[in-house]
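Colleague: Sequence:
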Amino acid sequence: MMNSDRAPPLSGYRVLDLAGPLASHCVKLLADMGADVVKVEPPGGDEARRIPPFKNDLPHPEKSLYFLHYNTNKRGITLNLSSPDGRAIFLQLARSADVVVETLPPGRMDELGLGYSVLRGDKPGLVMASITPFGQTGPWRDYKATDIAGLALSNLMILAGEPGEPPLQAPGELAYGMASTYGALGIAIALYHRMETGEGQHIDVSMHECAAHIAGYFIPHYSSTGAKPSRASRKGEETDLYDPYPTKNGYVRIFIIPAEQWRRLVDWMGRPEPIADAAFEKMEYRRQHPEPVHKAVSEFCMRHTKEELYDEGQRRRISVTPINTVKEFIESPHTKARQIFIPMEHPAVGKYLHYGPVPKLSQTPGRITRTAPLIGEHNEEIYCGELGLSKEDLLGLNAAGVI
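With our numbering as the guide, the letters of the sequence shown map in order to residues -15 to 387.
Derived by calculation from the structure, the hints in this document are not laboratory data.
Incorrect hints may have been included.
If you anchor each label on the Cβ, the simulated ranges turn out as follows [to be verified]: (1) 91 / 151: 27 to 37 Å; (2) 37 / 237: 26 to 36 Å; (3) 153 / 326: 27 to 37 Å; (4) 154 / 303: 16 to 26 Å; (5) -11 / 151: 48 to 58 Å.
In this text, a Cβ means the ideal position worked out from N, Cα and C, and glycines have one as well.
Using the sequences and the hints, build the whole thing.
Modeller: Put into structure tokens, the structure is as follows:
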């Protein structure tokens, strides 16, 4: 049982967020665990505010659901780092920060006079994470790349799709997600190191390297045996029962490997011929004779709902998995019991559901406390309330294009 009365684990830490889409999720992970994250956007708003989808498909910098998702739990200010006054203000902000996360091209922070060596001069314990497509060193360090490039260059896309067909891209932003996750892990480790030594660190995160870790055992396999990883077909010729099977109300996937699981499935189906024959207990035989297998399983699944198949499959210890729609996922009893989604309301978007914090800590759980900021929403709160500027100063900085 979670103790919701205690502060989240990163409460008391301040993070300055200069991250673009590549690492917005990294900083959000820290915010969900209690860090005070200040999203620093250029005047007019961050580039992610122009990324769809938008509420009602009407492009608007305050209605990007992409920006809203990755920036919930953050405060937001505007600041022009290209101006001398903007850089001076950022240096002030950095003196009270524990972490800076940035995704600018390698060397750009140094050009601005905001590199790690400068920032840590005023605060030796500062942790800075630079998350870029290819890292701070190497021949590709200055190359630009998006999520799809991270997958393509890290051996992932070549493994996706049917044999003989063009490679496929995974949905979502898998490479960005991996870079963000490793970035957040690196920050947590560096903060722990600082607790022990008082010393900060500069963390170099390469999306390219992080994405490569998704491939798992393929690289060790290739390097030790010389065997090129091959794609596994999903059409039944080379695999066993991988195809989605239609049911009364959607699709399920069935995964069978051990012979005893196959026997349990056949018993459940009423031992139809010819697959009740003992020869079909061997996976290799089923792969060589896929037609009767798929015919019998398809007919069986069409007599049931996917919920019936899932529940009974669990009872019989057979891997049957329903393929959920978005609505089914949201309304699942398990989803609700775990509070995977939390109701939120944004002044420009209205009511929506947002993902709750993960992982769930028993004594110091994370929290979702605020929706994504409007452009410059917390300028006065931070510049006046924390840095001591006057409202007149703010008006002058705004007129000069600094904020």
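Colleague: Falls inside 48 to 58 Å, the C-beta gap from residue -11 to residue 151?
Modeller: Roughly 50 Å apart at Cβ, these two residues keep to the hinted range, so it holds.
Colleague: Could you tell me whether the CB distance from residue 91 to residue 151 stays inside 27 to 37 Å?
Modeller: 32 Å, holds
Colleague: Range first: 27 to 37 Å. Now tell me if the beta carbons of residue 153 and residue 326 are that far apart.
Modeller: Holds - the Cβ-Cβ distance for residue 153 and residue 326, about 30 Å, lies within 27 to 37 Å.
Colleague: Should the hint that residue 154 and residue 303 are 16 to 26 Å apart at their CB atoms be regarded as holding?
Modeller: Given about 22 Å between the Cβ atoms, the range holds.
Colleague: Hint says 26 to 36 Å; check whether the CB-CB distance for residue 37 and residue 237 agrees.
Modeller: 28 Å, holds
When each numbered hint is compared with the structure, no violation occurs for any of them.
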